[in-house]
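Colleague: Single-letter residue listing:
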Amino acid sequence: MSETHPVSGYRIYWIVWFILLLVTLGMMLLGTTALTTALILVLLAGMLLKASLIGGYFMHLRFERASLIVIVAVGILATAGILFFLIAPDGLRVLNSSQSADLHVGGGR
Amino acid sequence: MSRTSKDLSIESVWRGGVSPFAVSWRKLMMWLFIITDGLLFAGLLAGYGFVRLASPQWPNRAEIFHLDFIALMTFILITSSATMATAVGAARQGRLPTAFRFVLLTILGGLGFLSCQAYEWSKLISEGARLSSNPWGVPLFSAAFFIITGFHGSHVLTGVIILSVVAWRALRQRVSPEGVELAGLYWHFVDLVWVFIFTLFYLI
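Chains as they are written, first to last, in my numbering: chain A, 1 to 109; chain B, 1001 to 1204.
Since the hints were derived computationally from the structure, they do not count as laboratory data.
Take these hints with a grain of salt, some might be off.
Ranges of calculated distance between the beta carbons of each label pair, as one might list FRET restraints [unchecked claim]: (1) Ser1126/B with His104/A: 38 to 44 angstroms; (2) Ser1132/B with Val94/A: 39 to 45 angstroms; (3) Ser1132/B with Phe18/A: 38 to 44 angstroms; (4) Arg65/A with Gln1093/B: 43 to 49 angstroms; (5) Asn96/A with Ser1132/B: 36 to 42 angstroms; (6) Ala38/A with Arg1095/B: 28 to 34 angstroms; (7) His104/A with Asp1068/B: 30 to 36 angstroms; (8) Gly1150/B with Asp90/A: 23 to 29 angstroms.
Cβ atoms here follow ideal geometry from the backbone N, Cα and C, with glycine treated the same way.
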């Protein structure tokens, strides 16, 4: 089966490597400061940017057919997102219910 | 209703005999493996998110880990991904000696990362961290740390073994460009997972 890959040289990989390093350095500097909601969103955006660069250029997904990109994007990102946003917020409910139970026990003494 | 040539073309593609993804079956199977393995880590990180939100307090990672050291580990893994991508490019151009050299550099990167991880694990264990307890008051913290980084480390170790086989075959001129590419896909996946672990576990 013939496959066409427009990436012929190696230069693009090292450009991507340099961008990844810069983004990682920036995230490190931000990660050492006090975390706010806005900062967390910036860190998550940096994480997704790095993941896109690795998937797109190192794994050549950018040069594959759209059907393959869709199954990978839906298979990993969408499912992982659904999994995370369905399971993780339930932790807050557990936290709130355990804290209200503590208050109830403390108030009853 | 008359069907256009595009409709007929799509129908013939999905009827069989032609890959709708325009990749070989080996590469498609590797991608399917990566998707399923990615879901393993998605489950682990979702579980981590749950225990993190359910815990009234969580240890300050900056006081436990040296973020500079974690940054070094990240640098090693990202660099090894770049050397692996270069090896794949060289193999595709038929330059197997160059591919061999870059696969070797990738293996060195993998071994360097594993050494750093072994150091980090032994340091935390010497400070009293165990799978079910630790000195920082939240037992699930060390459980999450050992399970998530342990699973990732085992993937890195597997990648080093796979790359060693590829390097040996490249040295003997018995590896196909696609063989190098498939090993590369796995290695980049390991790097990709670390991007998520680094952000969600160490930074946030």
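Colleague: Does 23 to 29 angstroms hold as the CB distance between glycine 1150/B and aspartate 90/A, or does it fail?
Modeller: 25 angstroms, holds
Colleague: Is it true that serine 1132/B and phenylalanine 18/A lie within 38 to 44 angstroms of each other by Cβ?
Modeller: 42 angstroms, holds
Colleague: Given a hinted range of 39 to 45 angstroms, is it respected by the beta-carbon distance of serine 1132/B and valine 94/A?
Modeller: The hint (39 to 45 angstroms, Cβ to Cβ) is violated, given that serine 1132/B and valine 94/A are roughly 19 angstroms apart.
Colleague: State, for the Cβ atoms of alanine 38/A and arginine 1095/B, whether the hinted interval 28 to 34 angstroms holds or is violated.
Modeller: 47 angstroms, violated
Colleague: Is 30 to 36 angstroms a correct range for the gap between the Cβ atoms of histidine 104/A and aspartate 1068/B?
Modeller: For histidine 104/A and aspartate 1068/B the Cβ distance comes to about 45 angstroms; the hint is violated.
Colleague: CB of serine 1126/B to CB of histidine 104/A, is that within 38 to 44 angstroms?
Modeller: 41 angstroms, holds
Colleague: Return holds or violated for the Cβ distance of arginine 65/A and glutamine 1093/B against the range 43 to 49 angstroms.
Modeller: 22 angstroms, violated
Colleague: Against the range 36 to 42 angstroms, how does the distance between the Cβ atoms of asparagine 96/A and serine 1132/B compare: consistent or not?
Modeller: 26 angstroms, violated
Hints 2, 4, 5, 6, 7, counting from the list given before, are not met by this structure.
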